[in-house]
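Chemist: Take the sequences, apply the hints, and build the full model.
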Amino acid sequence: MAEEAQLSIFIQLLRRFEREGVLNQIMLIGSWCLFFYRSVLSEGRSLPAMRTLDADFLIPTQRTIRREVNVPLLLKEMGFVPTFYPSSNWIVYDHPELRVEFLIPELGKGHDKAQEVKKLHVRAQRLRFLNLLAEYPRKLSYEGFSIDVPEPAAFALHKLIVSARRTTEVKRQKDLETALALFDYIYLHPKELDKMKEIVKRFPKGWLKRIDDLAKKYEPRLTEMIRDL
Amino acid sequence: MESVEGILREELKRLKEAEESYRREIRGLPRGSIQRKKIKRASYPYLAFRMGKKVVSQYLGRLPKEDLEKLSKNIELRRRYERLLGEVQGNRLRIKRMIYGRRSAA
Chain C
1 MAEEAQLSIF
11 IQLLRRFERE
21 GVLNQIMLIG
31 SWCLFFYRSV
41 LSEGRSLPAM
51 RTLDADFLIP
61 TQRTIRREVN
71 VPLLLKEMGF
81 VPTFYPSSNW
91 IVYDHPELRV
101 EFLIPELGKG
111 HDKAQEVKKL
121 HVRAQRLRFL
131 NLLAEYPRKL
141 SYEGFSIDVP
151 EPAAFALHKL
161 IVSARRTTEV
171 KRQKDLETAL
181 ALFDYIYLHP
191 KELDKMKEIV
201 KRFPKGWLKR
211 IDDLAKKYEP
221 RLTEMIRDL
Chain H
230 MESVEGILRE
240 ELKRLKEAEE
250 SYRREIRGLP
260 RGSIQRKKIK
270 RASYPYLAFR
280 MGKKVVSQYL
290 GRLPKEDLEK
300 LSKNIELRRR
310 YERLLGEVQG
320 NRLRIKRMIY
330 GRRSAA
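Chains as they are written, first to last, in the numbering used here: chain C, 1 to 229; chain H, 230 to 335.
Calculated from the structure, these hints are not laboratory results.
This list has only true hints and no planted wrong ones.
Cut-off 30 Å, straight-line C-alpha distance, at most; resulting in silico cross-link-like pairs (DSSO-like, lysine-lysine):
(1) Lys245(H) / Lys118(C)
(2) Lys118(C) / Lys299(H)
(3) Lys302(H) / Lys283(H)
(4) Lys171(C) / Lys195(C)
(5) Lys119(C) / Lys302(H)
(6) Lys119(C) / Lys299(H)
(7) Lys299(H) / Lys76(C)
(8) Lys171(C) / Lys245(H)
(9) Lys242(H) / Lys159(C)
(10) Lys159(C) / Lys245(H)
(11) Lys325(H) / Lys159(C)
(12) Lys294(H) / Lys76(C)
(13) Lys245(H) / Lys76(C)
(14) Lys113(C) / Lys159(C)
Modeler: Have a look at this one:
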């Protein structure tokens, strides 16, 4: 895959989103966050460079979308085409180098259909545990624009939680590898570690148990931390 | 290594879906180019396109300027999508070669 071409279209997309007032209403999640962690965070180069071709954008439910923007039209102008998933009513946007997806936190069970976000004219797939990312944004500046990504600690904890729910082994393994690499980074940076403690402290009991079970298996340092809280 | 192959397989699936999406969009857009024929002193717009080995010139009639502009934009969009479809196909082939090797990917 032509990595430069992919990065170029991704940066073009972010710049366009910023110009149209979309970027400050959404949050970048998924493997592309690693690119920003690596580029912006101090000693971020130790983090893995692996990223998929999906650019995932989270639409946080706690924020009100102030500005109406026809995002599909904007993507069409950039050469993206919509790909439909009739079973879930979801629409993603494809380009030879990139796929753009919109996601939204699933609040409670039983919502398997995508949710229409009228002000952005998109349909977002509902997924569980995304609130964990939405509640802990970190604004990063890169080449003249700023972008919201999740706190690395929230990102790592989220990856660990979802890894256990994956049905495919390959994805589970990938999530786990990313989470563990981030944990290594976090444990070497006291400020990041404090942030993780703060996040874990506020976890609901069910999540805490889930994390503790996973930590016992993969990340014993986390088990110790949970015990200390 | 397994995880890299998994990513490549996922990407292959995504590119197949992207290829279908580009084909669908292309089907809905006009092909050819707008040409103007000068007959006596007046200029008349025609849509010229290939049908098999033949080149067909279809008279567009007295289309309003806006409609003609829209048609021209859609022809341009079709060309852009055709180019991007080519890129998708190129990427698919490249990934197939990464997974299955050069011979079996062809």
